Amino acid sequence: MSDYLKTGYLKNEDVEFPKSDSLRGRMVAVTECVQEIPCNPCAESCPVNAISMSGINGVPRVDFSRCIGCGNCVAVCPGLAMFLVGIKEGKGVVSVPYEMLPLPEKGSEVFLLNRKGERTGKGVVSGIRKTDKSRNSVIVTVEFENRELLKSVRNIEVIK
Amino acid sequence: MREISKHPVLSFERGKRIKFLFEGSPVTAYQGETVAMALYRNGIDVFSESPKLHRPRGMFCAIGKCSSCMMRVNGVPNVRTCILPVREGMTVERQKGLGEKPSKAVKYPPPVIREEKVAIVGSGPAGLSAAITLAENGVAPLIIEQNPRLGGQLIKQTHKFFGSERENAGKRGIDIASEMIESVKKAGVEFYLNSTAFGFYEGKTLGVFAENKLLKIRSKYFIFATGAAEKMIPFEGNDLPGVFGAGAAQTMMNVYGIKPGENVLMVGAGNVGLIVSYQMLQAGINVKAVIEAAPKIGGYFVHAAKIRRFGVPIYTSTTIKKAIGERRVEKAVIVSLNKKFEEIPGTEKALDVDTICLATGLIPSVSLLAQSGVRMKYVSALGGYVPLRNKYLRTSLPNVYVAGDITGIEEASTAILEGEIAAYSILSDMGKDVEKELSDAISELSELRSGPFGAKIVFGMKEVQYE
Ligand code: SF4
Ligand code: SF4
Ligand code: FES
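Sequences listed follow chains A and B, in order.
Take the first sequence: its letters are residues 773 to 932, numbered as in the numbering used here.
Take the second sequence: its letters are residues 87 to 553, numbered as in the numbering used here.
Treat each hint with caution, since some may be false.
Said to hold, decoys possible - If you only want the chain A side, here are some residues facing chain B, beta carbon under 7 Å, derived:
{"#": "1", "residue": "Gly-780"}
{"#": "2", "residue": "Tyr-781"}
{"#": "3", "residue": "Ile-809"}
{"#": "4", "residue": "Pro-810"}
{"#": "5", "residue": "Glu-816"}
{"#": "6", "residue": "Ile-828"}
{"#": "7", "residue": "Asn-829"}
{"#": "8", "residue": "Gly-851"}
{"#": "9", "residue": "Ala-853"}
{"#": "10", "residue": "Glu-871"}
{"#": "11", "residue": "Met-872"}
{"#": "12", "residue": "Leu-873"}
{"#": "13", "residue": "Glu-877"}
{"#": "14", "residue": "Gly-889"}
{"#": "15", "residue": "Asn-908"}
As the list claims (entries may be wrong) - Label-pair ranges, simulated between beta-carbon atoms:
{"#": "16", "chain 1": "A", "residue 1": "Lys-791", "chain 2": "B", "residue 2": "Glu-429", "range": "46 to 54 Å"}
{"#": "17", "chain 1": "A", "residue 1": "Ser-774", "chain 2": "B", "residue 2": "Glu-99", "range": "38 to 46 Å"}
{"#": "18", "chain 1": "B", "residue 1": "Glu-429", "chain 2": "A", "residue 2": "Ile-931", "range": "35 to 43 Å"}
{"#": "19", "chain 1": "A", "residue 1": "Arg-919", "chain 2": "B", "residue 2": "Glu-99", "range": "44 to 52 Å"}
{"#": "20", "chain 1": "B", "residue 1": "Lys-317", "chain 2": "A", "residue 2": "Asp-904", "range": "31 to 39 Å"}
{"#": "21", "chain 1": "B", "residue 1": "Gly-370", "chain 2": "A", "residue 2": "Val-820", "range": "33 to 41 Å"}
To be clear, the hints were calculated from the coordinates, so they are not data collected in a lab.
Keep in mind the model is a prediction, meaning the values are calculated, not measured.
Here a beta-carbon is modelled for each residue, glycine too, at the ideal position from N, C-alpha and C.
Chain B extracted, bound-state conformation (with noise of 0.2 Å):
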């Protein structure tokens, strides 16, 4: 059974218990969760097969960012099953391939339009501040979120967060979510879950598939907060269902209570690889070790010494090689570095594992900005292409703004520093006596960045940041 029944930090609501079919034969779940938890939860693993070479695939990012979960859903193909909240009665099938035109015509309702002041996309920990703020300031903006919930990455941090104490260090991020998502309920701010921005138009419109309907979004402003995905990275067998993003492996436990699997594998010292690694333990999971490709932990030392001291080892210059198994992993061969990162031959040794989590890095979300012609540059110390912006989080669109991990990869706490700093920049433009607010948010923001953990995207601003 892969459900947590106990956990130290956390209890799991459950909902009613629900019957849709797979594959023709009746599946439970529970209300609430979505289709690929559900699965995964009954332990099916494989949700369709590569279009050339038929290869099993499943779930890797749990979040909607990566389509590797895509199934036929009530006969509509390439539906993002991560995403999707299972329906009583609905009928879910295995996808071949890229897929099959649905098999009667779906009719959707016309296009809702909507005229907005400020639309958010995305309701991580960024989103969320910059409603906040927006709200206190009399701005009531429109909330976009592809997820079933809100919150988006905060909702699964069930560890004490760093920063100062103004910032609520010392709390876990399910408790600053729960705060957070309360404040944005009480103002009545306006929400979409479940659905998708999918594109922008020449700055001013939003299209977003809503739950079976369009919405088109006209909006004097918008704040894109719209995240990171987890990065893939290249070994024979990177494709079989067992192994997942890092943060998906979060999901799976701390959002649904469910084990991803029984012994894992995790590669990448990073905070994240370290801070999931010890989620595991929590809730129960042999974390057979942590690996990481360059010659020192990467992550906070802390976090590194939390695992340690229950036995899990963390091998550096140490990389993955390949994952093998039939319908999913059953064993993950490792192998030593040099100095060069070369694999060093007759090093190789094989981990019993069913499971391996990539914490190996994550590239900001920018499509979106992009196709609107937001100018971006490359930065790998920001994780990868990333938008031109002034230090009041504004983009080369002048009604376009920037919050979160879109900016750079780094952490909620800087998060909810930049959407507070985009929406009282918004709330300047519209003429609102907010510039002491503002520049106090700038301040500590910088503040936070003055370690040598935060010199990196100090060094990366630099590069895509204007006057």
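Just chain A, same shape as in the assembly (with noise of 0.2 Å):
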């Protein structure tokens, strides 16, 4: 494991990551929870058990398997730290949560961002679900061609 209590992030290295050929055509979640902290939701969440986690203290780790890429945890997780990837026509596809303004729209352009918030690309905003009923708390999801970079883009920026 990196520094990350040095540093403020994670490397890829780090992340338990599914197998691509694993992605194709489906999404499934990726935890970037790595350290114990008082908190389940996310596993309390899941509608097929797929996150276990030792007692409440413990660390999430997502079956890859069994998830069926329905983003409940994402939309839960109060570290925000919980997203989806996949594969969807060849191209990559990220959810991340989203609770800034401006909200991006569908279809439009937007900047794809690293774990230290480094522009790295560009990519097509293919979705946007609300999770809180009154609030611009949202899960985004972006596709873009350069699959590399599922294993790194962990928010977006919005091209004024």
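Relying on the hints, combine the two individually framed chains into one complex.
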């Protein structure tokens, strides 16, 4: 594990990631919650029990073969530490939680940001799902050509 | 303009516009905000000057705990303007030094005496949950709150909470606050707002200054849920307006819809510093950096990751050296630290910021208890002096209970459970059959504290818990 408590971000190799063959045509949850904290809504919200945890202070682990990509865990996670990744028609697809204004528009082009907030490319917003009834808290799904970025795109920036 | 117009999670309901006089000139405010917020919204940073060196002073804590915002209001000096609701036509002046005597005699009505079963001081998560638990079991408590609203610091927590599914995890603090406030009101619990408890005499009588009248509250039981105050740390220029407690910045943004500044340096990478930085991004404020004196981020990693992915740098082993500015912060100088926490010469860096937020820890607000002779102990793991108590949260005075940050700095979820425990303990002392509820709450609390982040608290508790 890299020195994430010094830098504030994980490296690609710190994250347990599904095999890319297994991602074709589906979305799968990845967790970037690596520290023992008293929290469990991700596991509780999963309809297929794909997230395992040893007690409330345990670290969540996703069973990639069981996950159906419903996004419940992404919507509920207070640490904004759950993401969805997948491959659709050859393109990389990532869903990230997003709670900033302005919200991106569906179909618009946005910058793809990595864990340090650096722009690493551009993608197209293919979906926006509200997670709070009355608030602008959403899950943004972006698609992009460069599938290498699946492992590192964890935020977006609206192009002004 | 310092007003936040659009916000992803909050919508601000602003009251009707009213006018008051500041240094003889009219200032526009919204009904329902405090004098300090109205002034700050209007671009006024300097509220008073220091007694000897005449240095400018502004607000620091924004919740009535530090006295940095004292001004002369309607001729009366030393009024904490951060908790005083603004009223049409009031006159507000900058205070010079320690303040001059009122220009004309102020008349107060005779004191009101109240006899209560249970009085609760403070209406944050601990106080509210105690009140709800008592009311649900047929005991109506009286709540004393020094701020203009119920809910303590919960009303500014816009983020979703951690914890277990049963204890509100995944819900936003503001929503938990509204639900709790709703329950308290529904249960018909009586409360005094804008009311400061200033003295606690022999564990029996609480003196309260409630908006121009004196209350003497005698009660069979008391629950102190007074919370905590933000710590100031020493550095040159730390008294300049624009240096705020991180919680104060949060109050400004999330309760009153006011930006504390445009470019901010956050000092401290514990949960408070990380969470408030994220909330600043949501309010459209630029966070230039988060610095942390320790070699590691102290808060939850997930909170750090949230701001890093928006490009906010976090510098560990770094501290603030000085704040520079004439009437408010214009620059901050930061410096790297070696393993012994000594400054490394030549590593100073100046940042263009107009605001410095201190998230360098909290101190339990215990002064009322200390005054009344409750036994205390200094426990650094808990944030400072804390009252000795048993696991039912009873202090060395048998009718006095404590809950929330006053028992040691923790979080809202544990404060809520402590409020329940204190209330059930009192109910059980009154002879009600609540043994099961009491032991359930106690075991749930110990489960929340069972991880590595709870270890420090558990360690500290050993120092102050007696059988
Ligand atoms: S995406 Fe749905 S199925 Fe997959 S882990 Fe999350 S909650 Fe479970
Ligand atoms: S809900 Fe989020 S923060 Fe909580 S344990 Fe799950 S992944 Fe971690
Ligand atoms: S008491 Fe008003 S700013 Fe602290």
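Each hint, compared with the structure:
A cut of 7 Å between beta carbons decides the hint on Gly-780(A): the least distance to chain B is about 4 Å, and the hint holds. At its closest, the beta carbon of Tyr-781(A) sits 5 Å from a beta carbon of chain B; the interface hint therefore holds under the 7 Å criterion. This hint holds: Ile-809(A) has a C-beta 5 Å from the nearest C-beta of chain B, less than the 7 Å allowed. Of the supplied interface hints, the one on Pro-810(A) holds, with its beta-carbon coming within about 5 Å of a beta-carbon of chain B, less than 7 Å.
A hinted interface residue such as Glu-816(A) counts as satisfied when its beta carbon comes closer than 7 Å to some beta carbon of chain B; here the least separation is about 4 Å, so the hint holds. The interface hint given for Ile-828(A) is met, as the beta carbon of that residue sits about 5 Å from the closest beta carbon of chain B, less than 7 Å. With a cut of 7 Å, the hint placing Asn-829(A) at the interface with chain B holds, because the nearest CB-to-CB distance is about 3 Å. Hint status for Gly-851(A) relative to chain B: holds, with the closest Cβ pair at about 3 Å, below 7 Å.
Interface hint at Ala-853(A): satisfied, since its Cβ lies 4 Å from the closest Cβ of chain B, which is below the 7 Å cut-off. At about 5 Å, the closest approach between the beta carbon of Glu-871(A) and any beta carbon in chain B falls short of 7 Å, and the interface hint on this residue holds. The interface hint given for Met-872(A) holds, since its Cβ lies 6 Å from the closest Cβ of chain B, which is under the 7 Å cut-off. Among the interface hints, the one on Leu-873(A) holds; its C-beta lies about 5 Å from the nearest C-beta in chain B, closer than the 7 Å criterion.
Annotation: Glu-877(A) was flagged as interfacial toward chain B, and the flag is violated, the nearest CB pair being 15 Å apart, outside 7 Å. Because the smallest distance between the Cβ of Gly-889(A) and any Cβ of chain B comes to about 3 Å, under 7 Å, the interface hint for this residue holds. With 7 Å as the threshold, the beta carbon of Asn-908(A) comes within range of chain B, its nearest partner Cβ sitting at about 4 Å, so the hint holds. A beta carbon spacing of about 49 Å between Lys-791(A) and Glu-429(B) agrees with the range 46 to 54 Å that was offered as a hint.
The given range of 38 to 46 Å is respected by Ser-774(A) and Glu-99(B), whose C-beta atoms sit roughly 45 Å from each other. Against the hinted window of 35 to 43 Å, the Cβ-Cβ separation of Glu-429(B) and Ile-931(A) comes to about 42 Å, which satisfies the hint. Checked against the hint of 44 to 52 Å, the C-beta distance between Arg-919(A) and Glu-99(B) comes to roughly 47 Å, which is consistent with it. Distance hint check for Lys-317(B) and Asp-904(A): the Cβ-Cβ separation is about 33 Å, which falls inside the suggested range of 31 to 39 Å.
The hinted range of 33 to 41 Å is satisfied by Gly-370(B) and Val-820(A), whose Cβ atoms lie roughly 39 Å apart.
Of the numbered hints given earlier, the model fails hint 13 alone.
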